[in-house]
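> Heads up: the sequence lines are chains Y and C, in that order. Heads up: the first sequence begins at 1 in the working numbering, then just goes up one per residue. Heads up: the second sequence begins at 1 in the working numbering, then just goes up one per residue.
Wrong hints could be hidden among the right ones.
Derived BS3-like pairs: lysine-lysine, alpha-carbon spacing no greater than 25 Å straight-line [as the list claims (entries may be wrong)]:
no. : chain 1 : residue 1 : chain 2 : residue 2
1   : C       : 208       : Y       : 105
2   : Y       : 38        : C       : 190
3   : Y       : 7         : Y       : 105
Please keep in mind that the hints were generated in silico from the structure rather than gathered at the bench.
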Amino acid sequence: MALLEVKDLSFRFSNGHTALDSVSFSVEQGELLVISGKNGSGKTVLLRCLKGLYRPSGGSINFRDTSIGLVFQDPDSQIVGQSVERDIAFGLENLSVPPKEITEKTLSVMEALNLVSHAKQRPRTLSGGEKRRLTIAGVLVMDPSILALDEPFANLDYPGVLQVLEKIVMLKQEGHTILLVTHELDKVLAHADRLMLMDSGKIAALGPPQEASKAAEACGVRIPADLMSIEDMTWLKR
Amino acid sequence: MAEAVVFHYREADTALHRLDPRIKLLTLLVLTVTLVLLPLRSAAVIGGYACVIALGAGLPISRFRRELRVFFVLGTFIFLGRYASSDLFEAIRSVIQFFTVVLLGLVLMDTTAPEDCASALHWALSFFSPAAAGRFSARLMLTLAFIPMIFDSVAEVREARKARSEKPSRRPLRFLLSFLEQTFDIMLVKAEEISLALESRAFTGSMKPKSLRFRLCDLAAAAVTASVTAAALLI
Chain Y
1 MALLEVKDLS FRFSNGHTAL DSVSFSVEQG ELLVISGKNG SGKTVLLRCL
51 KGLYRPSGGS INFRDTSIGL VFQDPDSQIV GQSVERDIAF GLENLSVPPK
101 EITEKTLSVM EALNLVSHAK QRPRTLSGGE KRRLTIAGVL VMDPSILALD
151 EPFANLDYPG VLQVLEKIVM LKQEGHTILL VTHELDKVLA HADRLMLMDS
201 GKIAALGPPQ EASKAAEACG VRIPADLMSI EDMTWLKR
Chain C
1 MAEAVVFHYR EADTALHRLD PRIKLLTLLV LTVTLVLLPL RSAAVIGGYA
51 CVIALGAGLP ISRFRRELRV FFVLGTFIFL GRYASSDLFE AIRSVIQFFT
101 VVLLGLVLMD TTAPEDCASA LHWALSFFSP AAAGRFSARL MLTLAFIPMI
151 FDSVAEVREA RKARSEKPSR RPLRFLLSFL EQTFDIMLVK AEEISLALES
201 RAFTGSMKPK SLRFRLCDLA AAAVTASVTA AALLI
């Protein structure tokens, strides 16, 4: 049985613009589903509907004992703590988790995402890649069944992309279920189990990366010509 | 990123930065009340003490020049208003009161992290209403934490317009309206993003304070403030 099942999901903004139009798909446990499409195709709205931040106009979202942790595109919107460790603990404090457990979980997530040395540092002073890792840690610590990442490589330099990509691959290997929204397929597609391409609020293609990526150009997503095979589409050295 | 933000925490390692935020909050309250109630000579003592505190905190006043201009304009208005309605001494006393309160506020915000400020406020309010303490301190913490974002946005808009050779002096009113519209537009988008991000992290509008403990140096600082206040009262 799927971990998450979305059926005929629609979302319309108050000005009448349709952002999602009868979107249906499911997500299996431990899967890395890459969602791509040009700007305005409905990727971010889809994640926000899944998280429950936007109320869909129609359709259904069925979870199986599932919670979604959403990492926003702009890290500065998400970081509220005055130090790295305080920011990671923020969500747990809101959930009224006992202090001892908060300390343990925060430390464990900081270790997983290589943030221990920055524990006391102010988030504003972190680099782009470190900030992104912090936002992932802040969500991961709440132990969601599905981790949804909205453009995790946006505005990052090469080392920053590597830092974030390494952690995403590590989380997948640990069995986390990940929804990753990006239009930079060449950085991550080699690690994906499936690719979903969106166009004008609809699913244009959904399936194994080898198959679905054939529709990428038509959906406004560029795949560099020199990357012939899906296995090449990663920035990690293999 | 804004280099230095007025009325916002600046990381440094001074005695004032290390001081318990509750002592800093109480100092601000006690000195402000004393300042309002006492005559010119006492106000001058409190004003002098505030200057010493600001020096101790290493307050980078010169970097706040642009933001502080508005306070100098307000100070001038206060002086002229009081001089017209009363006498020179009363005008000077009002100006000293005004700048001392601004200076103390600057020192408090500059040396205290938003979270610590919120915890101190929570401590003070919890004597009256624990529920309200959680709500108010959470609001204070978030407001303070997002101030740099506001300054960053304003700086970004200003620089982007400058880069496109805009001359504010050519059509000042049009410039002002369009600048404000653009800045508010950005702020609204950011505010929506932030509220969604907080919601997604189970934020309910209340906060649990950081645990604080008084140390000997905190009590010593409180004693110094009490002595200065007593001296001002005796004068």
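> Hints broken by the structure, by number, lowest first?
3
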